[in-house]
Structure formats: C-alpha cells, structure tokens
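Visitor: What follows is the residue order along each chain.
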Amino acid sequence: MTIDWQHFTWFHALLGGVLIGSAVAAFMLLSGRVAGISGILGGLLRWQAHDRAWRLAFLAGLVFAPLLYAAIWQLPEIVIDASYPLLLIAGVLVGFGTRLGSGCTSGHGICGVSRGALRSWVATGVFIAVGIVTVYLLRHVLGGVV
Amino acid sequence: MNNLIALACGLLFGLGLLVSGMTEPQKVLGFLDLGGLWNPSLAFVMAGAVGVVAVAYGIARQRLPALTHTKIDKNLLLGAVVFGIGWGLAGICPGPAVVLLGTGSAKGAVFFLGLLGGMALFEQWVTYRNR
Chain A
1 MTIDWQHFTW FHALLGGVLI GSAVAAFMLL SGRVAGISGI LGGLLRWQAH
51 DRAWRLAFLA GLVFAPLLYA AIWQLPEIVI DASYPLLLIA GVLVGFGTRL
101 GSGCTSGHGI CGVSRGALRS WVATGVFIAV GIVTVYLLRH VLGGVV
Chain B
147 MNNLIALACG LLFGLGLLVS GMTEPQKVLG FLDLGGLWNP SLAFVMAGAV
197 GVVAVAYGIA RQRLPALTHT KIDKNLLLGA VVFGIGWGLA GICPGPAVVL
247 LGTGSAKGAV FFLGLLGGMA LFEQWVTYRN R
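From first to last, the protein sequence lines stand for chains A and B.
So the first sequence is numbered by the numbering used here: it starts at 1 and just counts up by one.
So the second sequence is numbered by the numbering used here: it starts at 147 and just counts up by one.
To be clear, the hints were calculated from the coordinates, so they are not data collected in a lab.
All C-beta atoms, glycine included, are put in the ideal place defined by N, C-alpha and C.
Don't take each hint at face value.
Here are some, though not all, of the chain B residues that point toward chain A, as calculated from beta-carbon distances under 7 Å [what the hints assert, rightly or not]:
#1 147
#2 230
#3 274
Quick list of simulated restraints, FRET-style, between CB atoms [as the list claims (entries may be wrong)]:
#4 A/121 - B/250: 12 to 20 Å
#5 A/68 - B/216: 33 to 41 Å
#6 B/182 - A/47: 21 to 29 Å
#7 A/52 - B/211: 17 to 25 Å
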C-alpha cells in the first residue's frame, strides 16, 4: 500500500469532519432528529409524507452551502471521471441501497457509529469493504475502462 | 423555527463536506483504492465527525429514545452491499450528491437523478411488498 501524500489533506479532513459532526449534533439536540441524508431525502418520496417542510429546509441548506463557501473561499475543482451512464447506474444503486439498508455514510457512518449502534457498525463496515472491492475491480482488474 | 434549525444544520453540514474534501469524488475513491495510491482523508473526516457526535450523544443520553431497530437483518446487509457498489463506482454518497447540485456540476446532477430514481424504486418495492 502506498499513501497518496500529495492529496492527503488531513487537517481539512479533520476540520470538515468536526463541522459535519457539529451539524449532526446540533440537529439532534435542537430537533431530536437523526441527520442521515438518505433518510431525509428518501422520506420526501413517501406517498403520505406530511413532514416535507423540514426535510426540504435541510436539503436547501446543503444545496446553498457551495454558494456560501464560494463567497468566502474558492470552491474546490470537482473532477468526476465516471461516464454519464455509469453515474446514473451508480446513483440508482446508492439510492436503492441506502433506503433498503436504512442509512448511508451519515446515518450509519456518523450518527449510528457515534451512538454505538451495532447495526450501523456492521453496515458501515460492509459498505466500505464493498466499496474497496468495487474500486479494486474497476481500477486494477478492469483497468478503469468503464 | 424547526425549519430554520434544519436549514442552518444543512448549511453547516454542507460546508463541512466542502471543507473536508468529500464533495470531490477523487478523494473518496482515493480512500477506497487500497490497491493504488491510498488517500486516508476520509478516515479523518469520520474521526472528526464521530468524535463530536459521540460527545453530544453522551450529553443527551437521558433525553434520547432507545434504539428502535437492533436486529442485523438481510435488508441491512443487502442494502449496504448495493450502496457500497454504487459508492465505489462513482465516489459519491447522498450528502455530497445534494451539495454537488449547488456547484452546478452536470455529472453531479445526473448522479442525483439516479439517486432519486433508486429511492423512488425502493418506495415502489415497499408498496408492492406490503400489498
């Protein structure tokens, strides 16, 4: 294993993590809700959703974040190598998978893991491991052809 | 008031994702690429976030309802596997997908459309299953 020192931005990673954690903690303490993004977004699509307002408000905050960020600093350049069809397929898998598994990187990876929920520790271990295998197959077996 | 809290928390969450670099799929894929040039950044994001939230849970323990679901079932495992495949293909998870909408990235928007489609598909499947 070789560490990519050039792109390993540990300070920003830790600082960003603390900001994300503060948002999750504040939301829990002030609203009593779990800030899991897949749950917040997916809950909008339920037929009898009667709690759309706060969900939309939270998502609006996420969408506005780059605008606020760009007003102070320069936005990082977003480089997405995956092709359009692959991105669409990946999106469907992430959408279906996170709803079926009741959480994503935020709901399981941050909220559940912090609370010591065994379900979330297991889910987080599984999606990271499967992600590693997927990237390995894509980059080192198929050679990144898709 | 509740909506204002949600908006502010969403904004802070999004700023955290941008600062951490997790809205850049290359960094996320770098974390998952153990066989190539490995970028440990995501582990530091998780550590920072989990550290803060664990303290908050410690403070609020008495006020929180007990965990409702504790069983490790087929849906949890299968869902995590399907999510892991999609995450490994694109390097984008739901939070960054929403933030990317605000950057005007066309590729990010296509991923988001797929994300909504997958979630809608899940709701259809739940309705079908419960019939």
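Visitor: Each hint needs a verdict: does it hold in this structure or not?
Guide: Comparing the hints with the structure gives:
no.: 1; hint: 147; in the structure: 9 Å, violated
no.: 2; hint: 230; in the structure: 3 Å, holds
no.: 3; hint: 274; in the structure: 13 Å, violated
no.: 4; hint: A/121 - B/250: 12 to 20 Å; in the structure: 36 Å, violated
no.: 5; hint: A/68 - B/216: 33 to 41 Å; in the structure: 38 Å, holds
no.: 6; hint: B/182 - A/47: 21 to 29 Å; in the structure: 44 Å, violated
no.: 7; hint: A/52 - B/211: 17 to 25 Å; in the structure: 23 Å, holds
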